[in-house]
Amino acid sequence: EAQVTQNPRYLITVTGKKLTVTCSQNMNHEYMSWYRQDPGLGLRQIYYSMNVEVTDKGDVPEGYKVSRKEKRNFPLILESPSPNQTSLYFCASSPRTWATKNIQYFGAGTRLSVL
Amino acid sequence: SQQGEEDPQALSIQEGENATMNCSYKTSINNLQWYRQNSGRGLVHLILIRSNEREKHSGRLRVTLDTSKKSSSLLITASRAADTASYFCATKANAGGTSYGKLTFGQGTILTVHP
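Residue numbers (the working numbering), protein chains in the order written: chain A, 1 to 115; chain B, 1 to 115.
Within a straight-line C-alpha distance of at most 25 Å, the following computed DMTMM-like cross-link-like pairs (lysine to aspartate or glutamate) qualify:
hint: 1; chain 1: A; residue 1: K57; chain 2: B; residue 2: E5
hint: 2; chain 1: B; residue 1: K26; chain 2: A; residue 2: D59
hint: 3; chain 1: B; residue 1: K26; chain 2: A; residue 2: D38
hint: 4; chain 1: B; residue 1: K26; chain 2: A; residue 2: D56
hint: 5; chain 1: B; residue 1: K70; chain 2: A; residue 2: D59
hint: 6; chain 1: A; residue 1: K57; chain 2: A; residue 2: E70
According to the in silico footprint, chain A covers these stretches of chain B (three or more CB under 8 Å from chain A):
hint: 7; segment: 43–53
hint: 8; segment: 103–115
Hints listed in this document are in silico derivations from the structure and should not be mistaken for laboratory results. From the three backbone atoms N, C-alpha and C, an ideal C-beta is built for every residue, glycine too.
The shape of chain B in the complex, shown without the other chains (with noise of 0.2 Å):
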């Protein structure tokens, strides 16, 4: 079943603007990753934060990770046309059971970014 859900589901705004998605889960985590995708294209990852950090910045993209709230955000900065593509985040489970190895992946919000 989907762990993650993603919130909101589509996101329109204006070049420069800040973009804000957020990623909710259910169960203990080892760690959380965002993926993007353009559309029809596969994932590639963007970043990858541990279930005992808080917070990590890559470039533009700033991540959250609350484990008590069990959610995570995503925040692009100074967003630009190119950044518009749908984004999911992943959760890995702890490691043990069937879980190991495995990835979940949320329902994906799809950005759009206006010149």
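Isolated chain A, as found in the complex (with noise of 0.2 Å):
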């Protein structure tokens, strides 16, 4: 089945403790990115990538980093979290950078609490 893949669904952690959310789209696509959703701000994009080793900051990159090693494969990560990182996270993918279609793939989400 073609899917996104995030992981954990849902993590608590704590402010400053190093963390990793990984994602998987098993579609061999192009471009992946990542979202965080946030009540009344809608989705922002946090980084993306139009291939492997291509990365590139999005709206809010601030407190993130990501790597594209692996076609396939777009972590996360957070090297310091704080608690303003509380959010929906979504990983999503595409099959196409430049042509007129970029529909998205979306993962079903991490929900991340900071304390």
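With the hints as a guide, bring the two chains together.
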């Protein structure tokens, strides 16, 4: 089944404790992206990647890191989480970056609480 | 920054009625997409309309695009309780520069359909 898989689905952690949220897609998509969703703010893009070893900042990259060593994986790293990073996070992938069609396929989400 | 702005923020209707949601955006776009999100779940793509199209249909969905007004509307006809969800518009800017491949989401409209 074609899908984007995020892990973990729920995570409670403490300030300053490094964590990684994994994202994997099995659709051979070039484009992958991370978003955070907060009440009243909609979805905001954190980082995106147009292919292996190609990543770039989105609208709210501060406090996050990403890597794209393999096409299928795009982990989101919080080196020193803070309470303002408590949010619902989504990974998404897309088959094209330059064609008119840029439909994104979303994972189920990771709900993160930083205490 | 969020480009898409949905209106209304919340909509409550009875089953069988039509639901109309609007989206406005600010910059030139390549295409505009509508996504649906069930509570706390990942977004699911509904329909894409290109900048040179004015109307598109998919089942009970009808999307219009007015590039002169920088606005789009999503109409769900004969709504069902199962249509209860949040609906987001997302715009893809014209290719080039740092907006390459990026989707910008609005804040969403919460639709509640009462049985």
